[in-house]
Amino acid sequence: MTRPDDVPRPDAEPDAPASLDAEVEDAVEHAVEDEVRAAVRQAVSVSVATGLYGISFGALSVVAGLDVAQTMALSLLMFSGGSQFALIGVVGAGGAPGAAIATAGFLGVRNALYGAQLGPLLALRSWHKVVAAQFTIDESTAVATAQRSRRAVRAGFWWTGVGIFVLWNAMTLVGALAGDALGDPRAWGLDAAAAAAFLALLWPRLAARAMQLAAAAAVVVAAALIPVAPGGVPVLAAAAVAIVIGQVDARRRRAPGRPAPDTDQHPGKESS
Amino acid sequence: MTSATVWVVVLAASAVCFALKLAGHLVPEHWLADERVARTAALVTAALLAALVTVQTVGDGQALVVDARLPALGVAAVALALRAPFIVVVVLAAATAAGLRALGWG
Numbered sequence: 001m002t003r004p005d006d007v008p009r010p011d012a013e014p015d016a017p018a019s020l021d022a023e024v025e026d027a028v029e030h031a032v033e034d035e036v037r038a039a040v041r042q043a044v045s046v047s048v049a050t051g052l053y054g055i056s057f058g059a060l061s062v063v064a065g066l067d068v069a070q071t072m073a074l075s076l077l078m079f080s081g082g083s084q085f086a087l088i089g090v091v092g093a094g095g096a097p098g099a100a101i102a103t104a105g106f107l108g109v110r111n112a113l114y115g116a117q118l119g120p121l122l123a124l125r126s127w128h129k130v131v132a133a134q135f136t137i138d139e140s141t142a143v144a145t146a147q148r149s150r151r152a153v154r155a156g157f158w159w160t161g162v163g164i165f166v167l168w169n170a171m172t173l174v175g176a177l178a179g180d181a182l183g184d185p186r187a188w189g190l191d192a193a194a195a196a197a198f199l200a201l202l203w204p205r206l207a208a209r210a211m212q213l214a215a216a217a218a219v220v221v222a223a224a225l226i227p228v229a230p231g232g233v234p235v236l237a238a239a240a241v242a243i244v245i246g247q248v249d250a251r252r253r254r255a256p257g258r259p260a261p262d263t264d265q266h267p268g269k270e271s272s
Numbered sequence: 001m002t003s004a005t006v007w008v009v010v011l012a013a014s015a016v017c018f019a020l021k022l023a024g025h026l027v028p029e030h031w032l033a034d035e036r037v038a039r040t041a042a043l044v045t046a047a048l049l050a051a052l053v054t055v056q057t058v059g060d061g062q063a064l065v066v067d068a069r070l071p072a073l074g075v076a077a078v079a080l081a082l083r084a085p086f087i088v089v090v091v092l093a094a095a096t097a098a099g100l101r102a103l104g105w106g
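As they're listed, the protein sequences go chains B and E. Counting along the first sequence from 1, when you hit position 164 you're at 164 in full-length UniProt numbering, and nothing is skipped either side. Counting along the second sequence from 1, when you hit position 99 you're at 99 in full-length UniProt numbering, and nothing is skipped either side.
This is chain E alone, in the form it adopts within the complex (with noise of 0.2 angstroms):
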C-alpha cells in the first residue's frame, strides 16, 4: 500500500468505527437488545482476535512458516495464565523472539 492508501484506509475505518460507536449511543434500546446480536457480536470478536494471533504467528505473506514466533506465544500464554498484565505479556513475547533469534534460530 502507498502512503496515500494508507491514509484512505486509516481515515475511512476511523470513521466506520466512530459510526458503530455513535449506532449504538443513537439507536432506540430494544434494537440491539437482542441476545442473539450480542451473542453472534462476541463470537466475531474472538475469532478474529483468534485468526489475527494466527496470522501473526505463523504468516508470512501466503507462506506458512514455523519460526521464533511460535514459541514467544507460547510463553505469551502461559504468561497470560498466571494473569500477567498485557504489557509484561507482550514484552515477554518480545524478549523470547529476540532471544531464540540473537541464538541463530528463527
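Okay, chain B solo, but in the shape it has when bound (with noise of 0.2 angstroms):
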C-alpha cells in the first residue's frame, strides 16, 4: 500500500530547479484532498443508508419489551447493530440476563479485531482512542481501511463513525416511538421483519466456504434446541459449534501437504 503523505519527499537532483520540488509536492496534496473529498462522499451516503434501517432496530426494541429509554439507551452506549439486535432478540424469546449479554458481547468480538486493524492506520493518541474506539464498527472500518492516506482513513473514519451514530440514532428514536404507537407488532409483521434483520445481516458474509457451514450448522443446532433449552442457550450453542469448526479447519490449513486420507487430490479444493 502506498500512502501519498506518508511517500517521503522525492529525491530531487542536486542541482534540480526548486520549483519542481515544490510542483511534486504540490500534485501529492492535490491527490490527497481530493482522496479525502472521496472518503467523504462515502462516507455520507454510507450514513445515511445505515442510519435509515435504525429504524427497524428502534421499532422491533421496543416490540421487543424494552422501552423506548431502554432503547436509546442501546444505540447510544453499544451502538454496534448486530449486539443490539441480538440483545432484543434475546430478551424478546424471553431468555436469561446472562445469555443475552453473552450473546451481545459474542457479536462484539469482530469489533476488537476492527480496532487493532485500525489502531495503526490511524494512528491516533491515547485518548482519542477512547473516542475512536466507541465509533469502531463495521461501517466505519470498511470505509476507513478501503482508503490509502492517512487523511483519508482519518477523514473515512470519522466521518462514516460520526455520520452513523447521529443518524442510528435519532432513527432508533423514531422507530422505537412509532413501535409504541402501533399495537399489535404480530399483524404488522414485524416478528418476521426481526428475522429479515437478522439474515441481512448475515447474507454479505455467507461468500465463504467455511462461513457457509458454520451458518448451516447454526441453523439445526439453533433448531434441535429451541424445544429443549431455556432462551438463549440455542444462540450460544451455535457460537460454541462455530469455534469448533474454527478449529478443525485451522488444523486442516496448517497441514496443506500432508496428504489426506481420502481422495482430495484437487491442489484448488482447499477453498476458503
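Treat the hints as calculated values from the structure; they're not laboratory data. Among the hints, a few may not be true.
If you want the ones that stay clear, here's a sample from chain E, every Cβ over 10 angstroms from chain B, calculated [unchecked claim]:
1) L103
2) G104
3) W105
Stretch-level coverage of chain E by chain B, calculated; a stretch enters the list once three of its residues show a Cβ under 8 angstroms from a Cβ in chain B [unchecked claim]:
4) 2-14
5) 46-60
6) 77-91
Note that CB positions come from ideal geometry on N, CA and C, so glycine has one too.
Since each chain sits alone in its own frame, please combine them into the complex, following the hints.
This is the structure in C-alpha cells:
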C-alpha cells in the first residue's frame, strides 16, 4: 500500500530547480485532497443508508419489550447493530439476562479485531483512541480501510462513524416512538422483520465456504435446541459450534502438504 | 425480565461491547493479527446471526412453529439475492407476514 502523505520527499537532483520539488509536492497534496473528498462522500452515503435502518431497530426493540429509554441507551452506548439486534432478540425470546449479555458480547468480538486493524492506520493519541473505540463498527472500518492516505483513512473513519452514530440514534428514536404506537406487532409482521434483519446482517458474510458451513450448522443446532433448552442457549450453542469448526478448519489448513485420507487430489479444493 | 433487569442487561452488555472495541485499539497489534483468531471470530459472527435468524423465524418460546414468518423470510432472501437495500428487505418481510395474517394464515 502506498500512502501519498507518508511518501518521503522525492529525492531531487542536487542541481534540480527548487520549483520542481514544489510542483511534485503540490501534485501529491492535490491527490490527497481529492482522496479525502471522495472518502467523505463515501462516508455520507454509507451513513444515510445505515442510519435509516435504525428505524427498524427502534421499532423492534420496543416490540421485544424494552422501553424507549432502554432502546435509546442501546443505540447510544452499545452502538453496534448486530449486538443490539441480538440483545433485543434474546430478551424478546424470554432468554436469561446472562445469555442476552453473552450473545451481544460475542457479536461484539469482531469490533476488537477492527480496532486492532485500525490502530496503526489511524495512529491516534491515547485519549483519541477511547473516542475512536465507540465509533469502531463494521461500516466505519470498511470505509477507513478502503482509503490509501492517512488523512483519507481518518476522514473516512470519523465521517462514517460519527455520521452513522447521529443518524442511527435519531432513527432509533423515530422507530421506538412509532413501534410504541403500533399496537399488535404480529399484525404488522414485525416479528418477521426481526428475522429478516438478522438475515440481512448475515447475507454478506456467506461468500466463503467455511462461513456457509458454520451458518448451516448453527441453524441445525439452534432449531434442535429450541424445544429443549432455555431461551438464549440455542444461540450461544451455535457460537460454540462455530469455534469447533474454526479449530478443525485451522488444523486442516496448517497441514497443506499432508496427503488427506480420502481422495482429495485437487489442489484447488482447499477453498476459503 | 423486569424493567430493572433489562436496564442491568442493557448497561452491562454495552460495557462489554465498549470494552471489546477499546481493547482492539489498545492491545499490541500482533496479538490479534493471528489469522486463526480473525477467522474464528468471523465464523462465530456468522453462526450467531444464523442462529438468531432461526430463533426469530421458527421459535415461539420453547416451541418450534411454522407460521407467516417462514414465507416472509423466503421473500427477504429473494430480496437480498436481488441486492435490495437493508430497509427494503426488512419492510418486504414485514409486509409479507402482515399480508398473510390479514388473509387469516400464520
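Tested hints:
1. L103: holds, 12 angstroms
2. G104: holds, 12 angstroms
3. W105: Fine: 12 angstroms to the nearest Cβ keeps E:W105 off the interface.
4. 2-14: holds (count 11)
5. 46-60: Three-residue rule met by the segment 46-60 of chain E, so holds; n is 14.
6. 77-91: As far as the segment 77-91 of chain E goes, the hint holds, because 8 residues have Cβ atoms under 8 angstroms from chain B.
Going through the hint list in order, the structure satisfies each hint without exception.
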